[in-house]
Amino acid sequence: MKGPPVWVAAVAVLVLVFLQLPVIVVAMASVSTTSYLTVPPVGFTLDWFVEVLTDRDYIEAIQTSFLLAFAATAGSLVLGTAASYALHHRLVPGADALASFFMAPLIFPAVVIGVALLQYYSLVGLRWSFWGLLLAHIAITVPYVIRACLTSLAGVKSELEEAARVLGASGFNAFRLVTLPLLKPGLVAGAFFAFITSLDNVPVTIFLLGPRQSTLPVKIFTSIEHGGVDPGLAAISTLLILVTGLALVIAERWVGFSRFV
Amino acid sequence: MSRLSGTALVAPLVLVLAGVFVGPLLVMLPTSFHPYVPGQGIGTAWTLENYIEPFADSYYRDVILRTLWMGFIVTAIALLIGYPLAYFMARTTRTWRAVATLLVMFPLFLNLVVRSFGWIALLSNRGVINTWLMDLGVIEKPLRMMFDMTGLVIGMVHIYLPFMVFMLLSSISRVPRDVEDAAATLSASPSRVFFFVTLPLTAPGILAGCTLVFVLTISALVTPRLLGGPTYKVMSTLIYDEFLVKLDWPSGTAFAFILTAIALLVIWGANRVARRVTGGAW
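Chains as they are written, first to last, in the working numbering: chain A, 15 to 275; chain B, 794 to 1075.
Heads up, a few of these hints could be off.
To be verified - Where chain A lies over chain B, by a calculated footprint (3+ residues, C-beta under 8 Å): (1) 812-820; (2) 908-918; (3) 951-958; (4) 1059-1068.
To be clear, the hints were calculated from the coordinates, so they are not data collected in a lab.
For glycine and all other residues, C-beta sits at the position ideal for the given N, C-alpha and C.
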């Protein structure tokens, strides 16, 4: 087998470096002893990490972000898996149309969903409520669960579940004990995408937060907007880099989920 | 299982999406046909002004054209640098492919705001690149790389390149090697094999990747806002300001629908082209 030409490999390496560039810069700036961003860092300190992790505003934002992401992922998984199962086995009329409908929040510009919800929630009194935010996050994360779930279901033989039924299992038990374990890799991948998408979201979330509420990315976003580009921001960003990297490695080890991209 | 239980499985999600996706969009529609009354908000009269203004007023027209231009440039660059990377990943050893996959996926999952922050640290007047270039004596005054198209394009290419690479990768991986070998055996040069065999066979992947990157780029909010600043606007940042700064919801709503229409039109157009090219097989 002949490999790719050398110049292609060289370009590929350069592009891979370009992709890591902002990550490296942020991580390096976060340990500098200076109060402004410098790369390479001057000296070495972890004070900035201590500073952001003892800041009440940041802690509350982190809590809100994770609570929201967990709840949205759980909601998306339950609703998405149920719907995918019905779509896959064509238990409902118009399954194809429904599938496109479930994917639609992915196609619409997020900022449009954000402003539409802002206006709608103001009318029905859900603005600034956690439940309103949660429902919105379910809508924007559910496409990832559905896609991963439908892909996995396509690889599961429906005869297996039928066999369980014939042997006397109830419909739900047959699904829970036979199909669900086979779907696990797909569900983990879908959950991972959903979680990251929720944790990451700014363009929808920013329109729905109350004056004293914030999520981590929205907090970083508004800090930068107000001109605060300092090592504290680099530190909190570095923490996100570490968490993301760790999650990626764990997910990859657990299910080898790069197959689902 | 019966049709009834199927309905029971789908209904909860349908209700949620009807409530927080379809409903809000429908509620927003009439707003875009009302005038904005300063101090009061949404007026009661009916008007088409909100849809005419974006095309009649040169300021708004510039924002629309700038958004489309940005989408075009970002897509072109992502394709140009993404193709060699995807090609390398498709044709290299398993180990290299796995390493490259993780390196492409990592920035993809990293928070958008963090990535934009990284580019600010690199591109701003007192940022890494300018500091280094000035220390080396290459330039005397800092280069302006933010709050204009340069910064936007660099940041956006970085953010959407992984989507392009994965689209191209799956397409290139599906090209049968036999076909390339056959062409080579018939004495085609490597570049001829690439341009007349590999490239045409990956056309569907290229089209899908370009559509995705273009639509995502023109819809993006965070990066244009952080790297373009408050004054260098694109459509999504304009919508953001109309809603949260100017409180002019009617005009912001009309703009939101124009942006949506452009995005849907691009997707629809690309689907049509794809169907014509592949005769419906793709």
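Evaluation of the provided hints:
1. 812-820: Per the Cβ count (7), the hint holds.
2. 908-918: holds (count 9)
3. 951-958: This one holds; 3 residues, not fewer than the three required, reach chain A with a Cβ under 8 Å.
4. 1059-1068: violated (count 1)
Hint compliance for this structure: hint 4 alone is broken.
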